[in-house]
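Protein chains: 2
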Amino acid sequence: MTPKKKGPRKVAVVMAGGRGTRFWPRSRGSRPKQFLAMVGEETLLNATVSRLAPSFLPEDIYIVTTEELAADTRRMLPQLPPANVLVEPEGRNTAPCLALALAIIERKTPDGVMVVLSADAWIGDKDLFLEDVDLAVSHARDKRDLVTFGIRPTYPETGYGYIETEGDGPVLGAIAFREKPQYETAVEYLESGRHFWNAGMFVWTLQDLRAELQAHCPEILAPLDEWMQAGADPAKLGKAYGRLPKLSIDYALMEKSDRVAVVPARFRWSDVGSWPAVVEFHEADGSGNMVQGDAILLESTNCAIFGGKRLIAGSGLEDLIIVDEADALLICRKDRAQDVKLIVDKLAALGRKDLL
Amino acid sequence: MTPKKKGPRKVAVVMAGGRGTRFWPRSRGSRPKQFLAMVGEETLLNATVSRLAPSFLPEDIYIVTTEELAADTRRMLPQLPPANVLVEPEGRNTAPCLALALAIIERKTPDGVMVVLSADAWIGDKDLFLEDVDLAVSHARDKRDLVTFGIRPTYPETGYGYIETEGDGPVLGAIAFREKPQYETAVEYLESGRHFWNAGMFVWTLQDLRAELQAHCPEILAPLDEWMQAGADPAKLGKAYGRLPKLSIDYALMEKSDRVAVVPARFRWSDVGSWPAVVEFHEADGSGNMVQGDAILLESTNCAIFGGKRLIAGSGLEDLIIVDEADALLICRKDRAQDVKLIVDKLAALGRKDLL
Numbered sequence: 001m002t003p004k005k006k007g008p009r010k011v012a013v014v015m016a017g018g019r020g021t022r023f024w025p026r027s028r029g030s031r032p033k034q035f036l037a038m039v040g041e042e043t044l045l046n047a048t049v050s051r052l053a054p055s056f057l058p059e060d061i062y063i064v065t066t067e068e069l070a071a072d073t074r075r076m077l078p079q080l081p082p083a084n085v086l087v088e089p090e091g092r093n094t095a096p097c098l099a100l101a102l103a104i105i106e107r108k109t110p111d112g113v114m115v116v117l118s119a120d121a122w123i124g125d126k127d128l129f130l131e132d133v134d135l136a137v138s139h140a141r142d143k144r145d146l147v148t149f150g151i152r153p154t155y156p157e158t159g160y161g162y163i164e165t166e167g168d169g170p171v172l173g174a175i176a177f178r179e180k181p182q183y184e185t186a187v188e189y190l191e192s193g194r195h196f197w198n199a200g201m202f203v204w205t206l207q208d209l210r211a212e213l214q215a216h217c218p219e220i221l222a223p224l225d226e227w228m229q230a231g232a233d234p235a236k237l238g239k240a241y242g243r244l245p246k247l248s249i250d251y252a253l254m255e256k257s258d259r260v261a262v263v264p265a266r267f268r269w270s271d272v273g274s275w276p277a278v279v280e281f282h283e284a285d286g287s288g289n290m291v292q293g294d295a296i297l298l299e300s301t302n303c304a305i306f307g308g309k310r311l312i313a314g315s316g317l318e319d320l321i322i323v324d325e326a327d328a329l330l331i332c333r334k335d336r337a338q339d340v341k342l343i344v345d346k347l348a349a350l351g352r353k354d355l356l
Numbered sequence: 001m002t003p004k005k006k007g008p009r010k011v012a013v014v015m016a017g018g019r020g021t022r023f024w025p026r027s028r029g030s031r032p033k034q035f036l037a038m039v040g041e042e043t044l045l046n047a048t049v050s051r052l053a054p055s056f057l058p059e060d061i062y063i064v065t066t067e068e069l070a071a072d073t074r075r076m077l078p079q080l081p082p083a084n085v086l087v088e089p090e091g092r093n094t095a096p097c098l099a100l101a102l103a104i105i106e107r108k109t110p111d112g113v114m115v116v117l118s119a120d121a122w123i124g125d126k127d128l129f130l131e132d133v134d135l136a137v138s139h140a141r142d143k144r145d146l147v148t149f150g151i152r153p154t155y156p157e158t159g160y161g162y163i164e165t166e167g168d169g170p171v172l173g174a175i176a177f178r179e180k181p182q183y184e185t186a187v188e189y190l191e192s193g194r195h196f197w198n199a200g201m202f203v204w205t206l207q208d209l210r211a212e213l214q215a216h217c218p219e220i221l222a223p224l225d226e227w228m229q230a231g232a233d234p235a236k237l238g239k240a241y242g243r244l245p246k247l248s249i250d251y252a253l254m255e256k257s258d259r260v261a262v263v264p265a266r267f268r269w270s271d272v273g274s275w276p277a278v279v280e281f282h283e284a285d286g287s288g289n290m291v292q293g294d295a296i297l298l299e300s301t302n303c304a305i306f307g308g309k310r311l312i313a314g315s316g317l318e319d320l321i322i323v324d325e326a327d328a329l330l331i332c333r334k335d336r337a338q339d340v341k342l343i344v345d346k347l348a349a350l351g352r353k354d355l356l
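Here the protein sequences come in this chain order: A and B. Heads up: the first sequence at position 76 corresponds to 76 in this note's numbering, and the numbers run straight through without jumps. Heads up: the second sequence at position 70 corresponds to 70 in this note's numbering, and the numbers run straight through without jumps.
Source of the hints: derived by calculation from the structure; they are not laboratory data. A hint or two may mislead.
For chains that are exact copies, the list does not tell them apart, and a pair is met inside one copy or across any two.
Okay, derived cross-link-like pairs now, DSS-like style, lysine-lysine, Cα gap no bigger than 30 Å in a straight line [what the hints assert, rightly or not]:
no., residue 1, residue 2
1, LYS346, LYS143
2, LYS309, LYS341
3, LYS143, LYS334
4, LYS334, LYS346
5, LYS143, LYS239
6, LYS256, LYS309
Just chain A, with the same shape it has in the complex (with noise of 0.2 Å):
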C-alpha cells in the first residue's frame, strides 16, 4: 500500500521510553514491555510502527527513547531511519519528550501535523485507527485546535485520567481534563456518556504545539531552543533536557488550554496495563484457564500461566497469574496484579539489579 501523499505532512511520534515495570519478571529495565510481544506476535513496539506504515512514510515516523534503549529499539525498527529514534538523556515525562521532538522535527518539517502515540498500548481496528487519525489531522490542520483521541469507556475504571467533552459527531469539545476520579465519579462518568477515557494520543500541527507551549509552558521550549541554536551538539543536551520541568504534556498544556478537541476513537484501544489485561486478549479453557508454554494443571480454575522452558504443574490453584522466567517467578492472585509494582520496588530497595 502506497503512503497517501495528499492532505498535511503526517509526521508520527511514538513515546517509547517506558520501563513497564508492571510486567516483571518478563519486563526488565533493558526489556521494557514495548519489547515485548504482550499480544499477539509483534513486540508492541512493532506493532505500534506497522500500524502506521499504510500511511506514514518511514522517515516521518520517529521514535522516543531512553539512551538504554536506544540501541535494541533502532534493531528492532531497521525500516526507520536510525536517526529518527530520538534519545532522550534522561525521563523527565512526557512534556520534555515531545518538546524535545517538537524541536528536532520543526526543522525538518515545520509544517507537519504531529501524530503522538505510547509505544505500548494495543489498538484492534487498524483501518478505523488510521481513519480515525486522519479526521484528527484533517481537524487539527484547519481548525489549529490541538486533538486528543478520546477512549468510550466501557466500565469505571479509576487507573486512568477522563476528559470531559461537549457537543456531539466526529469531533468533540472539551470542556475539561479530569485526573483519576474515585470510584464514585468513575461510575458517574461512565454513566455520563460525555466522558472518555484520556489515552495520551494527540495530533496537532508543531506551529500550534509550539504556540501553545509557549503560552502555557514556555520554560519547557527555553532551553530546547537555546540548545538546538547553540547547534544541537548531542553531548550538551543532557544538560539543556536537565533544565525541563518533570511534567506531563495533560498537566503542562492540555489542561490548561481553550483549544482543545477529542476524536471519540472508532477502534478499540488497551492500555495493556497489568497481566490481568493481557489475560483478557487470549482465549480461557472451560476451566477459565489460560496457558502460554508446558503446563499440567489439576483441579484448577481462572488461573493464567506465562511459561517458560519448564513445565509448570498445578494442583487446587484458583485465581492465579504465573510468569516463568530463567531467573525469577512471579505467582500472583488476580486482583493483586498491582502488587507487582511493590515486588520490583522491593527488589531495587534489596539492590537486586540483576532482576531488575
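Given chain A's structure and the hints, the job is docking chain B onto it.
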C-alpha cells in the same frame, strides 16, 4: 563411639529401593526421596545409616536397592563395604527384598539378628531408638518372636496400616495387623490406645525369618535357595527373582504368623510421606510461611516454598506448596499434595521421561 559387641550379632537391612514420586519435582527416578535431604543436612539414606553407626559394625549394615540406584547408593555410603549394597534385579515389594537379604546374609551371619529399616523415614531421639532396637533384638533372640516397632498414633491417619496389640510393658503381643482404615475406624484405633502404626521396621533372628517364611510363604524362599545352591551367579539372579511373588512382608508373613510381638517405639518417627509432612519439620514465620531459598512474599499466609536458584515472588497466596526445580515447577494447594502422584502419572502417560 565403639560399636557394642555384647549380645547377639546384629545386622541391619535398610530397604532403599523406593522412588518417592510424592516429592516430584525434587525427587526423580534417579534421585529418589532417600537421596534427598528432606529433613536436616543429611540425606534420609545417610541419616538412616548414621543413626545405626554407634551400635552396628559397618560390615553388618546392608542396603537393598535397585540396579539403577546401586552405584549412587555406594557412592553416598563410602563407609560401608560396596558388597553390602545388595541389588534387587527389580522391585517386587518388600517380601522378596527381605528374602534376598536373608539368603545372602545368612551365609555370613547365620545366627544373626536382623533389624529391618526403611531408608526414607525420619527418626528423632537417636539414643532411644538404639535402646529400643536393642530391646527388640533381645526379645527376638530370647523369645524367638518376629518383632515389629509400633508407633503410637497421634492423629487418625488413614494412610498407614495399624497393629492391634494386647498386654502392656515394653513388649506387647500382636493380635492383628489392620489394613489402612476408613476415617471413623482410624478414630476408634486412636482412641483404643491399643493400636499402633505399622512403620515397616522389624527385628527377627535370621533363623526365625527363614522358619516363618518356610511356614507361611515357602514359594518366596525356594527360587532364591536354588540360586544360592547353584553358585549365586549374579547374572542368574534376575531369573530367580522374577519367580518370587510380589508381596509385602506384612501380607506374606506378619499377618499370618502367630509369633509376632510389638515394641512400642519411644523414639519419634515420621515417614516423611508428602510435602506437607516435610513442611512440619521447618519453622514458619509469623504469617505461617516457610521459605527455603530466595523469595519475596507479600500478603501471603501458610505457604511453603522449596526454592531453587531463582527468585520466587508471590502476592496474595494462601496454603500453597511451591517447589522449584531447574526443569519443573510445582504449585500445589497443601490439601491436594497427594495430587503430585497424579501429576507424575500424567507425565508418564505423556512420555515425559525427561521429567521423571
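- Task: Kindly indicate which numbered hints from before are broken by the structure, ordering the numbers from low to high.
- Result: Result: hints 1, 3, 5 and 6 break, sorted rising.
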